[in-house]
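J.: Chain by chain, the residues:
2 protein chains.
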Amino acid sequence: MALPLLSERDLAFMLYELFDAEELGERTRYADHNRESFDAAINTARRIAEKYFLPFRQKVDTHQPAFDGERVHSIPEIKRALDAVIDAGLVSPTADYDAGGMQLPAIVATVANAWLWAAGSTTLGYIALTNANANLIAAHGSAAQVEKWVLPQRAGRFAGTMAMTEPGAGSGLGDLATTAVKQADGSYKVTGNKIFISGGDHELNENIVHLVLARVKGAPQGVKGISLFIVPKVLVNDDGSLGDRNDVALAGLFHKMGGRGQTSTSLNFGENGGATGYLVGEENKGLFYMFHMMNEARIMVGTSAATTALTGYQYSLDYARERPQGRLPSSKDPLSAPVNIIEHADIKRMLLAQKSYSEGAYTLCLLGTQLADDEKSAATQEERDYAHLLLDFLTPMIKTWPSEYGPKANSYAIQVMGGHGYINEHPVEMFYRDNRLNPIHEGTTGIQSLDLLSRKVPMNNLAGYKAILGEFEKTIAIAKSQAELSVYAEELQRAIEVLKSTTEILLAAMVEKNIDLALSNSVKYLELFGNVVVAWLWLKQGIVAVLALKETPHDADQKFYRGKLQALKYSFEAKFTITFPCFFKSLFSWLVILLSQK
Amino acid sequence: MALPLLSERDLAFMLYELFDAEELGERTRYADHNRESFDAAINTARRIAEKYFLPFRQKVDTHQPAFDGERVHSIPEIKRALDAVIDAGLVSPTADYDAGGMQLPAIVATVANAWLWAAGSTTLGYIALTNANANLIAAHGSAAQVEKWVLPQRAGRFAGTMAMTEPGAGSGLGDLATTAVKQADGSYKVTGNKIFISGGDHELNENIVHLVLARVKGAPQGVKGISLFIVPKVLVNDDGSLGDRNDVALAGLFHKMGGRGQTSTSLNFGENGGATGYLVGEENKGLFYMFHMMNEARIMVGTSAATTALTGYQYSLDYARERPQGRLPSSKDPLSAPVNIIEHADIKRMLLAQKSYSEGAYTLCLLGTQLADDEKSAATQEERDYAHLLLDFLTPMIKTWPSEYGPKANSYAIQVMGGHGYINEHPVEMFYRDNRLNPIHEGTTGIQSLDLLSRKVPMNNLAGYKAILGEFEKTIAIAKSQAELSVYAEELQRAIEVLKSTTEILLAAMVEKNIDLALSNSVKYLELFGNVVVAWLWLKQGIVAVLALKETPHDADQKFYRGKLQALKYSFEAKFTITFPCFFKSLFSWLVILLSQK
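For the protein sequence lines, the chains are Z and A, in the order given.
Numbering (our numbering) for the first sequence: 1 to 598.
Numbering (our numbering) for the second sequence: 1 to 598.
Since the hints were derived computationally from the structure, they do not count as laboratory data.
Given the structure is predicted, the values throughout are model-derived calculations rather than measurements.
Built from N, CA and C at the ideal position, the CB exists for glycine as well.
Incorrect hints may have been included.
[To be verified] Here are the simulated DSS-like pairs of lysine-lysine, each with C-alpha atoms no more than 27 Å apart in a straight line: (1) Z:K59 with A:K285; (2) Z:K524 with A:K550; (3) A:K500 with A:K513; (4) Z:K524 with A:K332; (5) A:K524 with Z:K524; (6) A:K408 with Z:K332; (7) Z:K285 with A:K332; (8) A:K376 with A:K540; (9) A:K540 with Z:K224; (10) Z:K408 with A:K408; (11) Z:K408 with Z:K376; (12) A:K480 with A:K550; (13) A:K217 with Z:K332; (14) Z:K513 with Z:K466; (15) Z:K332 with A:K480; (16) Z:K217 with A:K224; (17) A:K524 with Z:K332; (18) Z:K408 with Z:K224; (19) Z:K408 with A:K524; (20) A:K332 with Z:K513; (21) A:K376 with Z:K332; (22) A:K550 with A:K474; (23) A:K59 with A:K408.
[As the list claims (entries may be wrong)] Pulled from the structure, derived: some chain Z residues nowhere near chain A, Cβ distances all over 10 Å: (24) R157; (25) V234; (26) P329; (27) S330; (28) F472; (29) V523.
[Stated by the list, open to error] Some but not every residue of chain A turned toward chain Z, in silico, with C-beta under 10 Å: (30) G172; (31) G225; (32) A249; (33) L250; (34) H388.
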């Protein structure tokens, strides 16, 4: 059996037909690019994925990193594969030319990365975090810091991390206890313990740049007293050469259910007098800066979740096409040949659910990266501001929807394969485990829901909320004009009415009533909103498919577009509408719970 | 932190208040028993669970069984713990006294076993399969076979397996290729390969009794030509002593995502001329006999799934009570102490969902064991037949509902604990992996759904279907008389109307239309039916709680019963009603799918 990673046809559909990426080549920033250069970057990533990553995709899982008390040992294939990514210039493909990047649009880089993630599983986290770390320093660091810490990360010499969580401060960052004391030379001595730091130690790069949240001695309590520091594993001399080891020690590795492509570490800063750290920007604004990286990481998490769902779908689809088992209920002849399991109705249902979840989720992620491109390079300031507004608003959903539905899709991939899906001869059980981290890290689903309801919705006089409603309306207007889509347009319209009235009730309750009570439904609200957004994106896919069906003479294309319409139908009929009629009932009911039955 | 396994209070509620197990002591079969002897058996199991199993619960997961080419190596703690179960007489506690059992009611044995399963995870599968194997031979074997194979299993000397699946025949058993050739002495030579055989090899017992499905040379194709054989690992002499090794070889162990407490094996029968096997009953009736064991195994799977959900709930509940993190949205003071996470609304929601799923699932399993008791020991033949009818009808739901909702509950246990739930310092990630097997083995959810819709519902002129509807009605009548419950009684009534009309449509379609089309919604139908059954059982729990609340003066009891009513409310408002209004839409839509988007 071949190892099907992703559907090339579907990625091209999303990139060029749905999101019209070719248009980006007309912008000044991307003037050197066109569809050929986009495809070249994507094909390069695919080749590296298939040549370097795919052969050890499951070995990273069965041979997780080990710490011998001094060093971290990872299988050697990881470094060879990451070096291939570095050599191909794919560490920071979206960065400026003069920072070592390719100035590739984010949406193209995301599709290129999809191949790497699908083949390399969570190993790609090393590169993604490094890129996000460099982007933060590029945005908020000094010119000297960019020179010293960003360029080596862009070049693949250094890696980067995000060090926030502590044993006593996970979701409640305001309680973090790591401290920083200013030194005469302007640097700081950082002391504290951080846990769950992805990529916090390894031997894959010359150096690791930790971005560490800490409280300067005497700073205010809570989130307003948090500062951000660059704390390298190895100190760097002014000429860029490596100096002494910094006072940063690996306390241990966590053994995770999945995500074993990347170390998860417990780090001790300053056990021997204090780790040398360099302030980013101003004191007490650390959390604001960190959100630059965190927002990027949140989109990365959603994209990883969606990609894992996509590749699990392709794998189980391929298996279902080739595995004979049983007969249709109508067949009574035991001498007839068994059918391939894709013929069974319930296998089709589980494949279609995966298609609905994974392609819906990935479309949402690509929308996010399209907005990231527009934010940076759209023609007018107004367009750039609008893109920023929408991206900011959608981020909790881009993070959460794929993270919640990705594991569901992967569970179906297991179920399609039966007992064979549950053993490590096949990767789908690993996908299921890998994907289960995504609703947790970079802000749990609960945290994302509070961000959406208490911050993103009311923000700027409901500006983001109104903007997305406007986008829905545009799509509905187009869909209504297509006979095959009008029923879905109307259903989406009804769902939006539920969303609107729910939002009004919740906003009023937040002002007039107990805020705790009003926010107690935030996760269900996030789920409702996410379902509406993904249903809207399926309708957008449906519009493209219906128009293309009228024009294409090719049988394979006809089938492809009809498959899109079937998944649209499934999304609306079997899944997304489910939340709406029952939603109101649960409002405000959860705070009266008694849990005393021990 | 203590390791909370299960809620003793809740188990007592279910056993004595909901299912009135004390009444069983009045039956002839259980004349030696009363609540004291029931509790003594349960407490013995609990002590063994806490002393022997709990200390290595996670070690069985991190040190999975290994095959060195000759022997299987398991951690030594497993044998010590299983021997403690054997010594306590808990291998076959429900068996007759003269077969080495305790004649304990099945419902009591199930509650006793819950402690062992909660602490020992999937290690208990060895004992459960052994028991089910012995029960099959006791029911369908000859007196000599009972003497030779059942008694040593009851005594814990031998273990038992169920060997059905083959590389080319999983859900499609009719295609199995293992053959049997009759010998002059009346025995058979069995040749073939079996995979996914749980407990198929190990060194925990003197011998292993495989119950093997095979086709006698010349028998009809399909399921009508399957016979059942006892094929021991080691041949047994007529005096009961062990003889030569049989021609049964371990080809390898599967590496499963979870369920590592028990080996999963690939076995080769007859590589050297044929494994000696002994026919059970008559030729070509093997599948009928095997269903004796399979039905028991299906209830065991459901019960294991429910127990894993219960213990994950208790673990995360305990964690939530002791882990401080963050503040309520209404708190603006960063100097205030963090609250324990159980104070957060969304944590409460996730705990309540676990309570709803796990206690609902376990109640369903206990209903099954109550029916198993009634089938065997109710006063009149009519009552026994009625219990048999209901148990037979409910089996696909007892197998499936806990298996589908158990992993969902365990996923919430992880989410409550955040990053700590994802690492192997805590057992909830293992529960999540263990539980994912349950929708697959002993007949997938798809297979169960076909059993329900195409066999169990139409069976005997809808006898089982009508019987369960009658049970619903009785409960609704009682609930309507309680002010606090009437709203749920009415909602259940509405759900039943949906179930009835759905059933009518499907039955008509099975007769009049394409059978494949009619059965294409079988899984959704099973889900609908299962939701109604569990909602009904929650309503039954609610009735007990409402009546008890009026009588108990104790604060702890008041809280316990109110917790039950909150979970009832959650079950109806946030979960079970969801399936109903949207169900019709998806009917008949899944066979028109095109999956050609590669």
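J.: Of all the hints given earlier, name the ones this structure violates by number, lowest first.
T.: 1, 2, 6, 9, 11, 15, 16, 18, 21, 26, 27, 29, 32, 33 and 34
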